[in-house]
Amino acid sequence: MADASAALAARSTASRGTAIAALYERHKDRLFHVALRVGGGRRSFAEDVVHDVFVSLLHRYDRLADTDDLGAWLYRVAMNAALTRLRREAVRANPMVRFFLGDLQPEVPSADVRARLDEGKREALAALAALPPRERVAFCMVHLDDAPLAHVASVLGCSVSYACKLAQRAEAALVRAGYSPGGKRAPPADPMAETPLHTPAFGVRYG
Amino acid sequence: MAERPIVAELRAVDAALSPLAPSRELDSRIDALLAGRAPRVAQRRVAFAGLGVCAAAAAVALWLGRSEPQAIAAAPAAPSAIPATPSVSPPLPPPTSSTTREQPTPVEAAAPDALAFAEGTVAVPAPTAPTVRSRAVATPAAPVELVASAEPRARGAVDGARTPRAALVAGPAVGDADGALEAALAAVRADKARGDLRGAVVRIDALLASGVTSRVELALRIERARVLDRLGEHAAACAGLDGVAGDDAHDARVRLACP
Numbered sequence: 000m001a002d003a004s005a006a007l008a009a010r011s012t013a014s015r016g017t018a019i020a021a022l023y024e025r026h027k028d029r030l031f032h033v034a035l036r037v038g039g040g041r042r043s044f045a046e047d048v049v050h051d052v053f054v055s056l057l058h059r060y061d062r063l064a065d066t067d068d069l070g071a072w073l074y075r076v077a078m079n080a081a082l083t084r085l086r087r088e089a090v091r092a093n094p095m096v097r098f099f100l101g102d103l104q105p106e107v108p109s110a111d112v113r114a115r116l117d118e119g120k121r122e123a124l125a126a127l128a129a130l131p132p133r134e135r136v137a138f139c140m141v142h143l144d145d146a147p148l149a150h151v152a153s154v155l156g157c158s159v160s161y162a163c164k165l166a167q168r169a170e171a172a173l174v175r176a177g178y179s180p181g182g183k184r185a186p187p188a189d190p191m192a193e194t195p196l197h198t199p200a201f202g203v204r205y206g
Numbered sequence: 000m001a002e003r004p005i006v007a008e009l010r011a012v013d014a015a016l017s018p019l020a021p022s023r024e025l026d027s028r029i030d031a032l033l034a035g036r037a038p039r040v041a042q043r044r045v046a047f048a049g050l051g052v053c054a055a056a057a058a059v060a061l062w063l064g065r066s067e068p069q070a071i072a073a074a075p076a077a078p079s080a081i082p083a084t085p086s087v088s089p090p091l092p093p094p095t096s097s098t099t100r101e102q103p104t105p106v107e108a109a110a111p112d113a114l115a116f117a118e119g120t121v122a123v124p125a126p127t128a129p130t131v132r133s134r135a136v137a138t139p140a141a142p143v144e145l146v147a148s149a150e151p152r153a154r155g156a157v158d159g160a161r162t163p164r165a166a167l168v169a170g171p172a173v174g175d176a177d178g179a180l181e182a183a184l185a186a187v188r189a190d191k192a193r194g195d196l197r198g199a200v201v202r203i204d205a206l207l208a209s210g211v212t213s214r215v216e217l218a219l220r221i222e223r224a225r226v227l228d229r230l231g232e233h234a235a236a237c238a239g240l241d242g243v244a245g246d247d248a249h250d251a252r253v254r255l256a257c258p
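Protein sequence lines, in the order shown, are assigned to chains A and B. The opening position of the first sequence corresponds to residue 0 in numbering that gives the first Met the number 0, with each subsequent residue numbered one higher. The opening position of the second sequence corresponds to residue 0 in numbering that gives the first Met the number 0, with each subsequent residue numbered one higher.
It is possible that part of the hints are untrue.
Claimed, not checked - Below, in silico cross-link-like pairs of lysine to aspartate or glutamate (EDC-like), each with a Cα-Cα straight-line distance of 16 angstroms or less:
| id | chain 1 | residue 1 | chain 2 | residue 2 |
| --- | --- | --- | --- | --- |
| 1 | A | LYS27 | B | GLU24 |
| 2 | A | LYS27 | B | ASP26 |
| 3 | B | LYS191 | B | ASP228 |
| 4 | B | LYS191 | B | GLU181 |
The hints are simulated quantities; they were obtained by calculation from the structure and are not laboratory data.
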């Protein structure tokens, strides 16, 4: 609701750039943290994702019909941008591509991130970073951000059932790595009728 | 080993990282984005597009530069003897890559079919398949007539009458006769255009007296007969065509109703 009022006020009183700047100030920390987690603690990755999100917003701002749900929209765009970058990195990690384009920078957390994490947290972040891109995004959205499976499916470009399957695969991989799926919520009866992202359950964490 | 709840661990990671904020560099990038400057992604795309265009242009340029004249079709199939020292020769044009003859390789020089000619000639070995293309148009000691009448030709044009061998076989190049004929006829037509028919006849007579090739002479005689016919001197016109052989002369006689 605060997003809606802020966006409406910005649109009505200021230019488009000012409105986007206000949205950036409001959402940059949340998007940065989401991308930082998906990117395995890499600050450069997270900042690139946030940059991509606002490039998308700048291009599509005039076509956005409903600015009430802009927080959820920005979140989905951020996850989509993160997935795109992770896939690109997966391609770059291919030995043949690496032969032609050179080695990638290793996927290690930034120094300030490492400094804030103890050994157990670092291992957990590394276990998450070891997942394939789609599974990683699905796991983060489903288990950590409580996103509806319909939104996960739209970000991943697959069906709801396949999104659920990807999350389960990620969970199984983490179990094989020695973790238990703690904090797992009960699956909803109807995935399409789940709580939307802008409800307080989601908004409390990132609102 | 006790299993650790991964979701709880990752939520703890989130809590530990929550004080972190994006750097000022991201703020400046967003400011630049909002200020209307091209985003970094777009700049990269433009750069890649530019590279693609340059690569395509280079490929086209290489492809165009690779193509050679197709005069191979008119290249001589058999060796020919060419005078090594032409009597009088105007300065040759500077050799180009397509007109410079390659030095025979030792293999070619030792070839059994390299023919030696009489004194004053150079031996041109029989062209082998790989060397035919490089020799397509060219011999340095081209005959005088050919060099004097050389006209710029379109690249790749096939003109059998202009090859050295054709020039040797057919005699003087056709371009000479054409040029002289055109010049003479242009002067005559200029006289006719001015209404100076008599002057045209005098000019034709002067040209005929100066000595021209048989082909030019035939054309001038026919033109002279036409002018005389327009002057009303029908008998003189027919008399001028008497004894002139050839289909053109016959047609002219028929057109003038000569007996």
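(request) Just pull the numbers of the violated hints for me, sorted ascending. (result) Hint check: nothing fails, all pass.
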